[in-house]
Amino acid sequence: MKTSVVRNSQKSGLPPGALIHIGNKKTEQIKLSKFTYNENDFEEIVFKSSKNIETSINNDIVTWINLDGIHNTKVIENIGQYFNLHGLLLEDILNTNHRPKAEYFEDHMIFSLKMLGVNETGDNIISEQVSIVLGKNYLISFQEQEGDLFEPIRDRIRTKKGKIRLKKSDYLFYALTDTIVDNYYLIIENFSERVEKLEEKVLTSPDENTLREIQELKKQLSTLRKAVYPLREAVSTILKDEEDFFHNDNSIYLRDVYDHIIHILDSLESQRDVVAGLKDLYMSELSNRMNSTMKVLTIIATIFIPLTFIAGIYGMNFDHMPELHYRWGYPAIWALMILITIGMIIYFKKKKWL
Amino acid sequence: MKTSVVRNSQKSGLPPGALIHIGNKKTEQIKLSKFTYNENDFEEIVFKSSKNIETSINNDIVTWINLDGIHNTKVIENIGQYFNLHGLLLEDILNTNHRPKAEYFEDHMIFSLKMLGVNETGDNIISEQVSIVLGKNYLISFQEQEGDLFEPIRDRIRTKKGKIRLKKSDYLFYALTDTIVDNYYLIIENFSERVEKLEEKVLTSPDENTLREIQELKKQLSTLRKAVYPLREAVSTILKDEEDFFHNDNSIYLRDVYDHIIHILDSLESQRDVVAGLKDLYMSELSNRMNSTMKVLTIIATIFIPLTFIAGIYGMNFDHMPELHYRWGYPAIWALMILITIGMIIYFKKKKWL
Amino acid sequence: MKTSVVRNSQKSGLPPGALIHIGNKKTEQIKLSKFTYNENDFEEIVFKSSKNIETSINNDIVTWINLDGIHNTKVIENIGQYFNLHGLLLEDILNTNHRPKAEYFEDHMIFSLKMLGVNETGDNIISEQVSIVLGKNYLISFQEQEGDLFEPIRDRIRTKKGKIRLKKSDYLFYALTDTIVDNYYLIIENFSERVEKLEEKVLTSPDENTLREIQELKKQLSTLRKAVYPLREAVSTILKDEEDFFHNDNSIYLRDVYDHIIHILDSLESQRDVVAGLKDLYMSELSNRMNSTMKVLTIIATIFIPLTFIAGIYGMNFDHMPELHYRWGYPAIWALMILITIGMIIYFKKKKWL
Amino acid sequence: MKTSVVRNSQKSGLPPGALIHIGNKKTEQIKLSKFTYNENDFEEIVFKSSKNIETSINNDIVTWINLDGIHNTKVIENIGQYFNLHGLLLEDILNTNHRPKAEYFEDHMIFSLKMLGVNETGDNIISEQVSIVLGKNYLISFQEQEGDLFEPIRDRIRTKKGKIRLKKSDYLFYALTDTIVDNYYLIIENFSERVEKLEEKVLTSPDENTLREIQELKKQLSTLRKAVYPLREAVSTILKDEEDFFHNDNSIYLRDVYDHIIHILDSLESQRDVVAGLKDLYMSELSNRMNSTMKVLTIIATIFIPLTFIAGIYGMNFDHMPELHYRWGYPAIWALMILITIGMIIYFKKKKWL
Amino acid sequence: MKTSVVRNSQKSGLPPGALIHIGNKKTEQIKLSKFTYNENDFEEIVFKSSKNIETSINNDIVTWINLDGIHNTKVIENIGQYFNLHGLLLEDILNTNHRPKAEYFEDHMIFSLKMLGVNETGDNIISEQVSIVLGKNYLISFQEQEGDLFEPIRDRIRTKKGKIRLKKSDYLFYALTDTIVDNYYLIIENFSERVEKLEEKVLTSPDENTLREIQELKKQLSTLRKAVYPLREAVSTILKDEEDFFHNDNSIYLRDVYDHIIHILDSLESQRDVVAGLKDLYMSELSNRMNSTMKVLTIIATIFIPLTFIAGIYGMNFDHMPELHYRWGYPAIWALMILITIGMIIYFKKKKWL
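Chains as they are written, first to last, in my numbering: chain A, 1 to 354; chain B, 1 to 354; chain C, 1 to 354; chain D, 1 to 354; chain E, 1 to 354.
Watch out, some of these pointers could steer you wrong.
Copies of the same chain are indistinguishable here, so a pair counts whether it falls within one copy or spans any two.
Said to hold, decoys possible - Lysine to any residue pairs mimicking SDA-like chemistry, simulated, CA-CA at most 20 Å apart:
1. K197 with E213
2. K26 with G122
3. K26 with K101
4. K101 with S251
To be clear, the hints were calculated from the coordinates, so they are not data collected in a lab.
Here the structure is a predicted model, which is why all the values come from computation and not from measurement.
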C-alpha cells in the first residue's frame, strides 16, 4: 500500500500533464519492438531508438508495437507524438500505480491492467502494470520490464497458429488480455498453496509469527483484489462500448475474459474467507494451548497440594500426637496418600483431562 | 478451491479456443445416447461412436442427445461440428471449473450448472458439471459421468407420463434443470444434518478437531453457494431473454425453478448463520472449560493453602511455643482446620462454584 | 431450517406439476366455507364436500371461499378445476415451505404468506402458510388449519361493520393481509419480551445453556425474517402491477400494509442487533467471572504462600538458628505474619480486588 | 423497541381505518391554535374547541393550524372532516410509532417525522412524533405535547423577520422541518458527549456495568437512526414529486434540509463506529486486567515456591544431613534464598512484569 | 466528530438563510486577492477591503478571486452581492462542517471540499474547508486560512507554464481541485507510515495505550473517509451535468481527478483493513503474553510442588520412618529430586514450553 501512495505523492505539486515516471525502475534496458502481420505476411523489427518508429498503418496490416521498460519518458513521448496520443493517456502509461481501467479517446483507447507474478522466494506477489493502447489497426503495449508472458502470442503470429493472423488488432488485444488474465490462475494457485501450508502450520505448530503471516497473506490478497476487482469494471466498460474498436464477432471472446475475471474474483472471495478463518483457527489454538497449560498446572497442584498438607500435619511438633507413635503410622499415611492420588487421577480421567 | 484453480491454470499459455479437458476424468467409459420423441412416437439409441450421430432435426420431433463422460475432446468436437456449435461453447463444456451460466449464440444457447452429490463417506459434497445446449428442437446434455438423476425423465418419456411428450425441447430443458435443482434440497438436507450433529458435538464433547470440522463445513457451504448463487443469475438471464428458445407458456415453469433457487439460497444463508454460530458456541465452550478448570484449581488451592500454612506454623522449632504443649492442642488444630474448610465450602457454594 | 428442507426433498424425483402436500398435516378436519356478500345481502355456507362448490360468480357479489386444512390434494384439485387455476399455483398452495410471494396468472393471482403464532409453551414461533387466490370478484383463502385470526373479518361482513360490505374482493384481500401482518406485531412483542428476559438472565445468572438459548433466539429471528422479508417484495410486486386486480382507490390500503411490513422489518433489525449484543454480553460475563475466579486464587495464594515460607524457615533443623531460642521469637513471627497480611490486604484494596 | 411494538399490537384485530391513539398520552391539555398571515397581516387565534375551527382558505393567506396533544381522537376527526383528510392519514397522525414518511393524497400530503429530545436526567433520548399536513395554502401540524421548538418560527411570523411572511405554506413547511432537523444536531452533540464520557470510563475504571452501558448507548443510537434514516427517504420523495406542493424556488431549501439529514446520518455512522470500538476497548481492558492479575500471582508463586522448597529440605529429619550441623549453614541458606529472589526479580524486570 | 456537531448546533434556532460562520476561526487576517488573465496578459491584485472588488467580467479574461479567512460574514456577503450568489450558497461557504458537495445554481455552481493537512506534531489530521464558486469566466475560491497549496498554480499563471493561461475558468477549477486531491496522497502516506509504526509497536512492545492509539487511528481514518467519500459523489455530479460550466475538452481532466479519488478511496479501504487487523494482532499479543505468563507459573509450580511434597514427607515426625536412619537416605532423596526435575524439564521441552 504504502509504496503506491509514496509514488503518487511524488507528483503532487506538479502541473497536470507533466510526464513523469511514477514507480520503481524495474529494468535498465528498454526494448522497443514491432510486429506487422496479416494473413499472408509478417515482419518483426527491434528498434534501436524510439525516434525511428516509422510504420505505415493501413487497413490490411496489423501493427503491434511493444515497449519493455517505461521509465524513459522521452521514449513514451516520442511514441505519443507519432501516434498522436492524448497527454493524460501518456501520464497513465507512466504512472504504474493507478487502478486497472479502460478509457476512450477520439480514435484510440487505453486499457491498463496488472500483470501479476510471484517473487523469487515465492512468498510474495509482485505486480507489474501493462498498458495497451488500441487504435484502428494498431496496438501498442507497454510493460515495465521484459517478460515472456507474451512470447507464446508472438510464436502464434510467427507460426500462424490459431486464428490470430486471420484477425485484426482487436483480436490481438483480446489475446494479450486473455494471456494476462489466465496467468492470474497460476498466481492464485500459488497463493492458495501458501494458505494451505499456513493452515497446516496453525493446526500443528503455531508460534508468535503465525498471526503476522496471516496478516501478510491478507495484505497480498488485498493486492490481488486491487488488481482484479477494477478490471471487471474496465472489461465491462469495453463490453458496453465495443462498437468502435471491436468487431462484433470478437466481443464473445471478451465476454469470455470477463467470465474468467468473475471466476477469479469468486476464488479470491473464497480465499478471503479461508484466510479470515485462519485467524479464528489461530485464536482458538491459542485458547486450546492456554487451556492445556492450565490443566497441567491444575492437575499437579490438585494432586500435590493436599498431599503436602498431610505431610505438613505430621511435621507438627505437638507433644501429644498419638498417630506419630503408632507402629504402622508411617506406612498408613503413605497408603492414604496413594489412595488420594488414585482418586484424583480417576476424577481427572472422568473430566477427560488425562 | 485449490483444485479448480489448478485445473484452470493447466490452460494458461494455450491459444484461446484450444479444446482441452479441464478437470478430473471421472469415468473411463463414454456413453452417447439419443432420444427422439413426439406425442406419438419415441426412439432411443445408444451410439457406438460419436462419428455416427446422424439425426434429422425437424419441427415435429424433439431430439435429446446425452453424453456421459466429457474427457474425450474428439467426441465433443464431433458433436460440435455436427451441430455447428461455437468453439468457445465447446471450451466451456470441457472446462468443468467455470461458474454456472447461460450464454446465447446465434441459433443455440448453452446453460451450464453443477449437479451436486454427496461422497461415499457422506461427509463431503461433490460437484459435477452439466452443460445443456438448447437449439431449435434439439437438446444436448453433457455430464462428467454416467448418473441416474435423469433416469426418471427418461422413464417419463418412455411411458408418456406427464406432459413431456406433448411439449418441445424447451420443456425438456426445464425438466432437466428442475431435476438438478430439486436434487439440491437433498444435498442441503444432508448438509444441515451434519451441521446439527456437529452442533451437538460442540455442546457435549468438543475437542481440538472441532474447529477444523467447522472450517470444513464452512468450505463446503462455500462450494454449495458457488454452485447455486451464479445459477440464479443464469436462470434470470434466460427468463429475461426467453423469446427465442422458450415457448411463452413454459416460462412459468422456469420461474418456478427460479423460485426454488431463491429458496435454496435462503436456506444456505440460514445454514451460514448456523455454522457461524457454531464457532461462537465452540469458543464459548472453550472459555467455559477454562473457567471450570480454573475453579477446580482455585477451590483446591484456596482450601489447602491456608491449612498447610497452619500445619507449617506448628512445624516450627521455636523453643517457646506454648500451644505445642497443651493437652488438646493437636485436636484443637484439627477442629480449626475443619472449620476453615467448612467455611470455604460455604463460600464456594454461595459463589455457585460447587 | 432442516424441516423445510426435508419436506421439499420429498418431492425431488417427481414430475413437475404432481400435486403432493409438502409439510406437516396440522389438522384432521377439513373445513370448506363460502361467504357471498354485497352491500345489501350476505350468505354464509359450510360445504360438506368439495364437490359441491357451486357458486355463481358475478360482478355484484363478492365470493370468498375459505379452506382450513390443505393436506387433502383431492379437495385442492377440485377447487382448482372449478376455478380453472393453474397447476403450478395448486402446487404452491400445497407446498407449505416456499417463500411468501405474489404471482400473476391470466385471470387470477396468488399471494402466499406466513401466518405466525407462538407455540403453547410460549418459547417458540410457529409458522403457518396462507395462500390467497384473488380473481375477479372472488377470493379463495387456504389455511393449514382452522384458526380464528379471520373471525373478526367474518364478523365485520356479518354485521356490516366498516367498509367491507361496500367494497369488492380486492378490499377483502387487503383486509385478510392486513390482519395477518398486524398479527406480526404481537409475535414480535412476544419475541422481544423473551429477549429481554434472556438479557436479564445473562446479566444476573448466566449458565452453560445461555449461549444455546441465544442461538435459539437467533434461529427464531431468522424464521421471522424469512416470513417477513420476502413479503415486502411480494407486496411491492402487487403495488407495481395493481392495474388488473386492485381498484385504484384501494391501492392506498395496500401501501399502508407495505409501510407496516417495513416497520416490522425495522423492528426485526433492531432485535437482531440486540440478540447479537447478548452474545457479547455473555462472553464478557464469562470473562468477568474468570477474572473474579483468578482474583480469589491470587489473593489467597499471595497472602499465604509467603506466610507458609516463613513458617517453613523456622521449621528447619539447623543446629545454629538463634531466633528459635529467643524468648519472644514465636510471638514476633506471628506479628510479622500479621503485618504481611495487612500489607497484602492494603495492596489488594488499592488494586480494587477487595 | 418493545414499547413501539406493544403499542402497535393494541390495534391488531381492529378494522382498518378505526381511529385509535397508539402511544403514550404525553399531555393532559390539548391546545389548538391558528395562525393566518400574508405579507401585510397576520392573526393568531387559540381555539377553545375543535368544533370552532372555521377558517377561510384562500390563495392570499397562509393558514397554519397547530395541535398540541393528539390523544383525543375526536379532535383529530373534526379537523379531518373540516379539511377533508383521508382516513388512513388520520390513522397515521394518531399512531405515534410508525416510521417517518411522506405520503401524497389528492390535494394534500402528509409528512411525519420524529422530534427528538433528551430526558430530564440527560441520559436517554426521547422521541415525539410530529405530523405535518400540507395542502394548498394551509398547513396543519400535530405534536404529541406542547413544546417550544416552533416558537422561534411563530416569532418570525409575528415580527415579520426573515422571508416567512413573503412566502406561502410550502416555505412554512420547510421552516418547521428545518427547525426539527437542526435540533437533531443538539441531540447528537449530547449523545456524543456521553459516548466520550463512557470511553473515558472504559479506559480508567471499567466495572461490570460498563458493557451494559455500552449496550444502552447502542440502543439509543438505534433509536436515533430509526428517526433519521427513513427521513432521508421521505424528504427525497418530496424532492422528487415536488411539483404540486412546492414552489420551484423553494425546492432548494428542501435540498438543504436533505443535505443536513445526510450529514447527520454520517455523524451517526461515526458514532456507531465509536460505540462499537468501545466494546473492543472494554474487552481488551478485561484481558489486560486478567493479565495483570496473573502476573501478580505468577511473581509471588515463582519467588516463594522455590524458597519454600529449600526451607522444606532443611526441615527434613534425616539422621545424616551434614549441612544442618555447619556453623554457617543457616546464614548460608538465607544468602542462597536472597540470591534466588534477586535473580527472579531481575528475570521479571527483563520480562517487563515489574 | 463532536466538534462538527457542536458547531452545527450553534445554528439551530436561527432562521434559515442567516449568515453565520460555523467553525473555528483559524486566522486573524483576511486576505482577498484577484487574478485576471488570458493568453496574453495577467494581473494580480490584493484588495484592501472587500468593498473594492470591482472587476469586469468578460469572455476573454478569466477572473479568479481568492479569499483566505471566512470568519467575517460581511466580506462573504459583499462578495455574494457583487456576484449575485444565492443565500444558501453563502451559508454553505460559511459553514465549515458540511460534506463535500457540488450544487448548481442558475448561472454559477459551488463545489466544496476538504483540504487536508497534518498537524505540527505529525500525529493528527487537520481538515480545512475550501469552497469554489464557478461562474461563466470567473472563479471564487474560499479558504479558511492562508495556505500555500495554490501557490504553484499562481506561479503557473504568472510564468505561463503549462496550459493554464490558454484555458478558461473551468480549467482553473480543475487545476485547483487536482492540487487538493493530489495532496491527499501525501496525507495518506503520512497516515500509512504511522500505521506501520504502530504495527511494529504492537508486535514488539504493546502496552495499555496501544489499543487507544489504534482507536485514534480509526477515528482519523474516519475523518479521511468523510472528506473523500462524498467527494466522489460530488465530482461524479459534475461529470454528469458538465454541459454548462465545463468545456467538453476539459471533462477528461475531471475524469482524471475522479480516477484519483477512486484510487484514494481504495487506499483508504486498504488502510481500514490494516488498522482492523492491528486490533486482532494486539488482542492475540495479549493472549500470547497471558499464555507465556501461565507457562512460567506452570513450570515453576509443576517442578517445585512435587519436590516440596517430598521434603514435607521426610519432615514428618513419625517414630518409625526407617529411611530417615539410612546412611545414604539424604543423598538418595537429592538424587530422586534431581531426577524428577530432569524429567519435568524433558516433558516441558517436548511440550515446547522451554
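Which of the listed hints are broken here? Hint 3 contradicted; others consistent.
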